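Visitor: As you go down the protein sequences, you meet chains F and U in turn.
Following the numbering used here, the numbering of the first sequence begins with 1 at its first residue and continues without gaps.
Following the numbering used here, the numbering of the second sequence begins with 297 at its first residue and continues without gaps.
It is worth saying that the hints were derived from the structure and are not from the lab.
Source: prediction; values computed, not measured.
Even for Gly, the Cβ is constructed at its ideal location relative to N, Cα and C.
Treat each hint with caution, since some may be false.
With a straight-line cut-off of 25 Å between C-alpha atoms, the simulated PhoX-like cross-links for lysine-lysine are [stated by the list, open to error]:
#, chain 1, residue 1, chain 2, residue 2
1, F, K192, F, K64
2, U, K303, F, K280
3, F, K192, F, K252
4, F, K244, U, K303
5, F, K192, F, K294
6, U, K303, F, K246
7, F, K280, F, K246
Listed next, the stretches of chain U that the computed footprint assigns to chain F, with coverage defined by at least 3 CB atoms under 8 Å from CB atoms of chain F [what the hints assert, rightly or not]:
#, stretch
8, 317-325
9, 489-502
Per label pair, the in silico range of CB-to-CB distance [claimed, not checked]:
#, chain 1, residue 1, chain 2, residue 2, range
10, F, K68, U, K486, 55 to 61 Å
11, U, P464, F, S235, 47 to 53 Å
12, F, T67, U, D478, 45 to 51 Å
13, U, Y502, F, E178, 54 to 60 Å
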Amino acid sequence: MSTDHLAYTQGALKTHWKTAGLLVPGLLLCSAVSAGPIRHEQHFKVAAHPVVTIHNPEGLITVKAWTKAEVMIISMPASAEVEVDAEQMGNRVDVSTRALSDSVAPGDMRADFQINVPEDAELQIHNDAGSVNVANVLGDMNVETVAAGVDLEDTPGYLTVKTVGGSFQCVRCAGRIEVSSISGNFRLIDLKSAHVWAQTSTGNILFNGAFLPNGTYSLKNYSGVIEVRFSPADSFDMSATSLKGKVINEAKLTPSTHEHHFVPKWGNALFGTFNQGRAKVELTSFDGTINILKRD
Amino acid sequence: MAVNNCKDFVTHLEAWTEGERHPDAQVHLRDCAGCRSLAEDMDAIRTEALSWGAQESEPHPRVWTSLRTRLEQEGLIRLPEAEVAIPAARPSTENWLSSFFARIPRPALAGAYLSILIALGFALSGPVSKQTNEARWLEGTQIATSPLSAKLNSFEQNPIASDRDLNPAVTASLQQNLAIVDNYISLCEKSVQEEPQSEVARDYLYEAYQQKAELLAQIGERGENIQ
Numbered sequence: 001m002s003t004d005h006l007a008y009t010q011g012a013l014k015t016h017w018k019t020a021g022l023l024v025p026g027l028l029l030c031s032a033v034s035a036g037p038i039r040h041e042q043h044f045k046v047a048a049h050p051v052v053t054i055h056n057p058e059g060l061i062t063v064k065a066w067t068k069a070e071v072m073i074i075s076m077p078a079s080a081e082v083e084v085d086a087e088q089m090g091n092r093v094d095v096s097t098r099a100l101s102d103s104v105a106p107g108d109m110r111a112d113f114q115i116n117v118p119e120d121a122e123l124q125i126h127n128d129a130g131s132v133n134v135a136n137v138l139g140d141m142n143v144e145t146v147a148a149g150v151d152l153e154d155t156p157g158y159l160t161v162k163t164v165g166g167s168f169q170c171v172r173c174a175g176r177i178e179v180s181s182i183s184g185n186f187r188l189i190d191l192k193s194a195h196v197w198a199q200t201s202t203g204n205i206l207f208n209g210a211f212l213p214n215g216t217y218s219l220k221n222y223s224g225v226i227e228v229r230f231s232p233a234d235s236f237d238m239s240a241t242s243l244k245g246k247v248i249n250e251a252k253l254t255p256s257t258h259e260h261h262f263v264p265k266w267g268n269a270l271f272g273t274f275n276q277g278r279a280k281v282e283l284t285s286f287d288g289t290i291n292i293l294k295r296d
Numbered sequence: 297m298a299v300n301n302c303k304d305f306v307t308h309l310e311a312w313t314e315g316e317r318h319p320d321a322q323v324h325l326r327d328c329a330g331c332r333s334l335a336e337d338m339d340a341i342r343t344e345a346l347s348w349g350a351q352e353s354e355p356h357p358r359v360w361t362s363l364r365t366r367l368e369q370e371g372l373i374r375l376p377e378a379e380v381a382i383p384a385a386r387p388s389t390e391n392w393l394s395s396f397f398a399r400i401p402r403p404a405l406a407g408a409y410l411s412i413l414i415a416l417g418f419a420l421s422g423p424v425s426k427q428t429n430e431a432r433w434l435e436g437t438q439i440a441t442s443p444l445s446a447k448l449n450s451f452e453q454n455p456i457a458s459d460r461d462l463n464p465a466v467t468a469s470l471q472q473n474l475a476i477v478d479n480y481i482s483l484c485e486k487s488v489q490e491e492p493q494s495e496v497a498r499d500y501l502y503e504a505y506q507q508k509a510e511l512l513a514q515i516g517e518r519g520e521n522i523q
């Protein structure tokens, strides 16, 4: 073997190693990219007041309103063995996540969603774990989760939310609200709702919103803290009872003239009227603390 | 008469106590804890009052003795010489009553008798009826909850799906919340034992059972979906 040839061979080898050095990380990068979440985008033309249903075992679901008369669904299943089905039946769009094989582990049955809907859409969402975020949707909505938290913003429709352990937060919601949980905490912020029914067993409940005339506000838990914030202009008739816990009150209540309260023989109870008593507020706890505090 | 609110119900209360169950009133009671509590109290009072009426109220002989002593002290009656001289020959209640009626003015007798009966009624029947009532409430609650508790416990024993079939985050949350509800049930049961008449404690107990049933149904639903 000549020196020249040897030099050429060594040079060629060096070149090949360089090429390989560039190719291998590139290929690895490509494979890593292809193994990541697969993004699907689907569009459905809809008429007024469409209904969108989502059934997902686990994942992050974000729903926003837009001005288009269509539903856009961007889904990102966690693996290639998980598929998102979206189909339209008239003015209803059904979205669900399913396994493509029996070998998919329960923990891998997840998909994330970004969904845009017309403002007047009605939503029905079932998402066991992860989170659900909805903003600016005017229609009614029903959300059910196990561990997933639910965050709603600027939603004036009739809201029914049920979780097992997931928290619930509602900011500037204005419709009728019915929410229940076992251990989830509730935060109801800047509410303008005339009907609120909230019940959690061990969670805390914070209500910081307006008490509308003729509105009814029923907040109940087993343990934990129920905190209600009021402003001097609010007008409500208050009934607060904690069977084994405390009731702390900063509102100057006067004896009620138009409501019949049957003072319970057990526990700590407080009844009275603030201003004209236009709204009705009922706070009930088993051994939790009830705080009726002035708004900052 | 339509019963749409608490005021209507209070107006309707007399009819309700007499046994008239207007559908509107029943709907209102379902939604209004305050009126429900009032109706329960009224029903309990009525039942108790009826049971008093059904019992023969024969005062104890010592009531007559004390009544007699008091009336003697106040000079309303005076015993014959023979009775004073021979205490061993005390008349029976019946004989004493005959002589008693003969000697004192009837209005005085009636007033005194009535006062003592009322005082005795309150003194004796108060704690007894309280205990009886508590026992009844407790029994009623146990009758309502025992079959439910047994059913839920047997349902809980059945393995529906193995842990590997369920999402770990969901399984953990369901188990954690089932433990919370079980603890909630035992604390409510304890509270009901302590205060059987507390409608708040009973309401919480029933709600706790309802939550457990719903939770087990959710777990069952997931098991079915998997199978």
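Visitor: For every hint, state whether the structure bears it out.
Guide: Consistency of the hints with the structure:
no.: 1; hint: F:K192 / F:K64; result: holds, 20 Å
no.: 2; hint: U:K303 / F:K280; result: holds, 15 Å
no.: 3; hint: F:K192 / F:K252; result: holds, 23 Å
no.: 4; hint: F:K244 / U:K303; result: violated, 29 Å
no.: 5; hint: F:K192 / F:K294; result: holds, 18 Å
no.: 6; hint: U:K303 / F:K246; result: violated, 30 Å
no.: 7; hint: F:K280 / F:K246; result: holds, 21 Å
no.: 8; hint: 317-325; result: violated (count 0)
no.: 9; hint: 489-502; result: holds (count 7)
no.: 10; hint: F:K68 / U:K486: 55 to 61 Å; result: holds, 57 Å
no.: 11; hint: U:P464 / F:S235: 47 to 53 Å; result: holds, 49 Å
no.: 12; hint: F:T67 / U:D478: 45 to 51 Å; result: holds, 49 Å
no.: 13; hint: U:Y502 / F:E178: 54 to 60 Å; result: violated, 19 Å
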